[in-house]
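Undergrad: Note that the sequence shown covers residues 2 to 507 in our numbering.
If you're looking for bench data, these hints aren't it; they were derived computationally from the structure. Because the structure is a prediction, the values reported are computed rather than measured. Glycine is no exception: its CB is placed at the ideal position from the N, C-alpha and C atoms. You may find that some hints are simply not true.
Said to hold, decoys possible - Taking CB as the label site, the calculated pair distances span: (1) 198 with 146: 55 to 63 Å; (2) 147 with 196: 23 to 31 Å; (3) 196 with 454: 52 to 60 Å.
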Amino acid sequence: MDAENEQIINNSMISNTQVDPTYDDTLLYVNPHTVSPYKFMDDAYYGEAGFGDGTYLSPHLREMFYNARRQISTYKNFVKPILNAMLDPVFADVVSRKVDTASLFSSFIEDTDNNGTNLDQALQETLCTVNRHGQAFIVMDNFRADDMPETMMAARQDRIYPYIMIKNALDVDSSILDKWGNIRSITFIDIKVSSNKKQIQTYRTWTSEYSQVVTKTRDSYTAYAPPIVHGLGVIPVIPVYKSVRRDKTKLCVSPPHYDISRIALAIYNKESEVRDLERSQSFSLLCIQSDRGGNISIGNKNVLYISNETTNMPTFISPNPSILIGLMINAEKMRDDMYKLAEQSGVTAVKSEASGVAEAYKFYGHETVLQKASALAKKVDYAIFDLFCLYTGETLDYEADFPTDFAPGNITIEVDTLDKYLKLALPPLANALALQKWTRLILSDQDPEDLEAAIEEIERIGEEKSTASIIEPTDMMGGDTGMQMVDIGMEGATGMLSTEPSTVTE
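The whole structure should be built from the sequences, with the hints applied where relevant.
TA: Pasting the structure below:
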């Protein structure tokens with residue numbers, strides 16, 4: 002038998018002893034381009050679906066063991082910490098709120114959804130969705146009129162007052178917008194219900210007057226239940242966007258950090274290939290001349306027999322190590338690119354040696370992102386409060402104090418700096434503001450209510466001193482100095498005079 006025929010027999014023996022896995026392996030592959038970008042962002046953030054089971058790994062055209070590569074692959078989740086860095090510092094401490102403790106809204110702050118989710122947690126979940134998808138929708142609903150208790154005490158005790166639901170872009174089935182891009186009606190995917198032993202998908206439409214559960218046939222809706230009138234005059238849906246919509250004719254926008262997730266997917270693919278080649282290098286195959294027929298299973302303790310007519314010396318064979326090195330270098334470069342992209346989005350993802358100016362510039366970008374997130378959270382907080390009061394008819398004074406200073410740091414250096422600043426001859430309000438910051442740093446571990454009481458006392462004393470420091474423009478003997486008071490036409494006067502000589506006294 003010539004060598005060519007022997008090789009054919011040997012190859013057929015390999016095929017007979019091991020089933021070709023391409024028949025079912027690569028059919029498991031899920032092309033990420035066919036997945037909704039919102040779902041893809043969720044999968045990358047939570048490490049689920051194709052990132053969890055490896056079906057987002059792209060199979061090679063000649064890959065024989067795709068399923069085996071999926072099983073040994075590990076997804077390193079870079080996306081979650083990057084996106085969390087844009088938000089977590091905003092909610093590092095409990096948001097300070099001032100509201101009548103006897104009000105329903107005070108109870109709502111502790112339980113926003115009938116499931117124990119407090120308002121801080123609800124806002125953080127909303128903004129996390131906004132970071133992933135670019136938008137989120139807060140829907141506020143209330144109990145039916147027949148379910149309403151007779152007293153406020155019963156309402157608080159039984160939790161019978163408005164609650165919120167957080168919806169994302171995947172939940173939106175359709176919407177109608179006016180010419181300015183405002184929502185006139187919106188329909189969300191709702192729960193599945195049983196009817197005649199079948200599961201029916203329901204939807205819920207919201208307008209400025211009512212909400213209604215409907216079913217869907219092709220592109221048309223059919224009423225499943227009578228409409229429920231809320232009579233607010235506005236749609237009880239708060240749309241929350243990370244940035245202003247470029248196209249007002251569309252309700253949903255593209256995920257702002259989609260590119261970061263795509264790079265994370267590329268790294269996932271590269272590192273899976275590295276791991277696959279590492280195993281191939283570790284389990285090299287002995288290749289030796291022999292006249293015995295057939296080959297046995299491949300492994301580091303197995304042998305591949307070749308014809309005696311060949312001139313090859315016995316050797317161990319494995320994939321070219323330069324391929325493995327190239328993949329590792331490429332994966333590292335992708336990680337660097339992803340971190341650079343994250344830094345452009347305002348996240349300092351890694352520490353690096355850089356000048357003080359460069360580091361300050363990077364932090365300025367990060368702080369700006371956090372300040373915008375904090376401002377957005379505050380805006381949403383007040384929108385929820387306004388909508389809640391529409392439902393309940395409560396008239397309340399309400400304040401929510403979200404953080405604005407995200408400077409990193411060495412508290413000792415900050416305290417020393419403030420101490421030197423407070424020793425200067427400061428105007429009363431400047432002195433009060435510095436003293437407030439100094440107090441927050443020193444007493445940060447105290448009871449929040451006691452801390453706020455101390456801050457309020459500092460504010461009160463500062464205002465009293467500021468008012469007392471404004472004196473008539475005369476000299477100590479009562480004579481006219483010739484100086485004139487200048488009205489600058491601004492609210493919240495500081496008590497500082499717009500004159501060259503200083504007339505401020507303690």
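Undergrad: Hints first: check each against the structure and report whether it holds.
TA: To see whether the hints hold, each was checked on the structure:
The given range of 55 to 63 Å is broken by residue 198 and residue 146, whose C-beta atoms sit roughly 33 Å from each other. For residue 147 and residue 196, the hinted distance range of 23 to 31 Å is satisfied, since their beta carbons lie about 24 Å from each other. A beta carbon spacing of about 58 Å between residue 196 and residue 454 agrees with the range 52 to 60 Å that was offered as a hint.
Hint violations for this structure: number 1 only, all remaining hints satisfied.
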